[in-house]
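J.: All chains should be built: construct the whole structure from the sequences, respecting the hints.
Each chain, written out:
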Amino acid sequence: MTTTSEPDAEAAAPHVAATSGWRVVAEQECRDMWFSGRGPLLLFAYSLLLSVMTYLAGTNQVLNFLEQREAVSLTVQIAVAVGVLVTLVVSADSISGERERGTFENLLLSPASRRGIVLGKLLGALSLWFATFAISFPYLWALGRGVSLVGTAMAVGLAVGTILAVALACLGMLISTRSNSNRVSVAVGIFILLALFAPTQVPAGLPKAWFGDLLTRVNPIGSSLHYMSAVLVRGHSWSQDLSYLVSPALTAVLAGGLLALRAERFVTLRAERGRA
Amino acid sequence: MSDTTITAMDLTKRFGARTAVNGVTFDARRGEVVGLLGPNGAGKTTLIRLLTTVLAPSGGTFCVAGMPGTEPAGIRRRVGVLPESAGYPADQTGLAYLRYYARLFGRSRFEAGKVAERLLGEVGLTERVRSRIGTYSRGMRQRLGIARALVNQPAVVFLDEPTLGLDPESHRQVLRMVRDIASQRGATVVLSTHNLPDVEDVCTTVLILAGGRVVDSGTVSAVTSIAAAPGAALIRVPAERVGEGRRAIADVAGLRVEEVEDRSDVIRVLLAAKGQRVDGAEVDLNTALRVVLSAGVPVLSYKVEGGRFTDAFLAMTTEHQR
Amino acid sequence: MRRLLTLAGLLGILGLGGLAPTLAHAGATTVEMSFERGTVDVTIGDRFTLSTMVENIGAAPTEPFVAHLNVASLTNDVYVDPEDWSANRSVDLPLIPPGARTTVDWELQAVNPGTFDVYVVLLPSGATSSPGPLTVSPPVRVAVAPRQSISAGGTLPVAVAVPIILGLVAVAARLRHRRTG
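Protein chains in written order, with our numbering: chain A, 47 to 322; chain B, -17 to 304; chain C, 91 to 271.
Think of the hints as simulated: they come from the structure by calculation, not from any bench. Being a predicted model, the structure only gives us computed values, none of them experimental. For each residue, glycine too, the CB sits at the ideal point set by N, CA and C. Heads up, some of the hints might be wrong.
A short list of chain A residues far from chain C (calculated; beta carbon distances all over 10 angstroms) [said to hold, decoys possible]: (1) Arg69; (2) Gly148; (3) Phe176; (4) Thr198; (5) Val202; (6) Arg224; (7) Thr246; (8) Leu260; (9) Val264; (10) Leu307; (11) Ala317.
If you want a taste of the chain B side facing chain A, the calculated C-beta under 10 angstroms gives, among others [said to hold, decoys possible]: (12) Thr35; (13) Ala38; (14) Ala68; (15) Leu86; (16) Gly88.
Residues on chain A that point at chain B, a partial pick, calculated with CB under 7 angstroms [stated by the list, open to error]: (17) Val70; (18) Gln74; (19) Ser82; (20) Arg147; (21) Thr149; (22) Glu151; (23) Leu315.
T.: Written out as structure tokens, the structure reads:
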């Protein structure tokens, strides 16, 4: 057993390594997610949920037009909710989980920049969002074809859900960079998600003062669900309630911006208070 | 092109009130195997993490493989590291793992596969390339880690406790790899280890840390001789001439004779005091040998007891802790 | 002769009374509203447009008005939320000079099956406007035919096929992963 040297021509090209790190990391994250069987299993479980819901909608013989639109809207909302939930969980585990498993040091020793590592892992997490939402397409078609809502439901769900998924993935990753335990970071992420979802469960019939509307607009999940419901159920145009998308878009920009600017300080071997 | 591959000037790392590395200054050259020694908590792993840019220093400067510390990505492209507590993804195969890192270091997909297969062959894992790392033994994982440290043809290789927990055969294999990395690849190897015989075996220079500071550095033999470790010589003579030999030695100022239990033919000689001179020469243990021979007493064997590197190391680090 | 005059007077009163629902007295002006059609036949989900013509038949310009669209259900057990039929149901009308007319288009979608009356009400707008009688348009009779577009039979293939396919993919991925070991 010997170690031998190679001709200089086989040496790695430094420039190539510096710029494509995020691509390699993203590819590896997707491989780990989808080829290990975890991702497909998740999609299978999700499809069972949607199948039950879709079948129940179909067996409702008294379904009138509006309820069918609401069924489509509900399916879109569930697709978005489950999609951002799994994206958040995966991104919350992305850095703290590697720290805990001891595999992070080797990654930090590669030429991939800290920002590249963050971007690659974000893309890996977002692959879950896109896959989850794609699975909902046949269900939306089955539910929405009678009310000419399929295209609109897919488009609005994809657009709004992607903004929300990016926002929550960035948030999850920020939490992950500040934690050495993936249990803590995942728990914090899920708690934040539940806290954002809870106000959306207030009965719609209750009168909302200006504070209620402000709360909805400030909450990225609440405002996204409100927007989708307005377009799909109430038939509003895409531009009519666009102001409700400010909150998720701003969350995405702020969280993503913070990650990009502070990657060198946050993406370290251990999450430390102050300078590592 | 300079042969110096590592330069550290006053390198310091503080974690809050605790100083883990305190003003470390040293350099290393191509082809050297630098033994990085010290008791637990001496700062060895922290020093390696500073030089490999995993941690940012609190003070001082350094340069590794021609790249200054201000260009961490450049350093990372040129070094290979086997961290002490390296974890491996249990669900990946060894081949997939090495291919990933080869790609991170800029190889194309095809090249990465070739490099990974070759390196796995070099470290003796050809038959396990497609097995999941979760099924590897500890020795296999260490070898995989060494392969990963070599994936980018590094100019400097840092190995943090590579032989920890290995069986004797694996231990031997790893040491052989360490020698080959330096001799055949011309790389500088920094070997952090607790295993002092390994250092005597493999290292060309040593850097001894204690409490975050450098207590000594240099070649193995130089460090040993500088340490002034308490030594003794064992001189075996015919049993009937032991008394004659003892009397000859006892006449020399600076030497002391002790009895050896159960060995009536052995004279144990110690240095009683430093700085004594006889015939213009400084008195050392070899002086005892000369005077016994001068007295006409046949010497059957002569062995220096202590004065080994192990003793030098223990003396230095214990003294520092006092 | 006296009988003829009385008859004419009675006819005149009846005529004016018949026209009363389309006349609005707001101060000194009157407006008249009408739709371009009186009936609409659609199927549930269909979108359609109604145009309301508002004409100032008085001698002075109209005061500011808000035209508001309403949908009333004529079918038992069918509850209508007009907001579901049309997103924009209130339109501010500009001042209409005497003899001029303005048209307001309403976009609607039939979201309930049954029979409905769609009508427009003119409301005085602005704080300074004095409350007066409302002007209501004649109704448009909208008949919406039901359509059950989804059923258990329609959704069952999707509800069964998708999990089966994904389940097979998950099992295959897991087996492939286990084979490397």
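J.: Hey, does the arginine 147 of chain A contact hint survive, CB to chain B under 7 angstroms?
T.: holds (5 angstroms)
J.: Would the stated hint for threonine 149 of chain A survive a check requiring a Cβ distance to chain B of less than 7 angstroms?
T.: Because about 5 angstroms separates threonine 149 of chain A from the closest Cβ in chain B, which is inside the 7 angstroms limit, the hint holds.
J.: Would the hint on valine 70 of chain A stand, with a C-beta cut-off of 7 angstroms toward chain B?
T.: Holds. Min distance 5 angstroms.
J.: Checking hints one by one. Is threonine 35 of chain B an interface residue toward chain A, by the C-beta closer than 10 angstroms rule?
T.: The hint holds - threonine 35 of chain B has a Cβ within 10 angstroms of chain A, the shortest such distance being about 8 angstroms.
J.: Would you assess whether glycine 148 of chain A, listed as outside the interface, keeps its beta-carbon beyond 10 angstroms of every beta-carbon in chain C?
T.: Non-interface label stands for glycine 148 of chain A: nearest chain C Cβ at 21 angstroms, farther than 10 angstroms.
J.: With a cut-off of 10 angstroms, does the beta carbon of alanine 38 of chain B approach a beta carbon of chain A closely enough for the hint to hold?
T.: holds (7 angstroms)
J.: Let me know if the C-beta of glutamate 151 of chain A comes in closer than 7 angstroms to any C-beta of chain B, holds or violated.
T.: Result: holds, 5 angstroms to nearest chain B Cβ.
J.: Interface hint check: leucine 315 of chain A, Cβ to nearest Cβ on chain B, cutoff 7 angstroms. Holds or violated?
T.: Status holds, d = 5 angstroms.
J.: Quick check on the hint: glutamine 74 of chain A CB to chain B CB, less than 7 angstroms?
T.: Holds. Min distance 5 angstroms.
J.: Grab the minimum beta-carbon distance between leucine 307 of chain A and chain C and tell me whether it stays above 10 angstroms.
T.: Given that every Cβ of chain C is farther than 10 angstroms from that of leucine 307 of chain A, nearest at about 37 angstroms, it holds.
J.: Given a cut of 7 angstroms on the nearest C-beta pair, is the interface hint for serine 82 of chain A held or broken against chain B?
T.: Hint holds; serine 82 of chain A Cβ to chain B Cβ min 5 angstroms, cut 7 angstroms.
J.: Close enough to count: is the Cβ of glycine 88 of chain B nearer than 10 angstroms to one in chain A?
T.: Holds, about 3 angstroms.
In the structure shown, no violation is registered for any of the earlier numbered hints.
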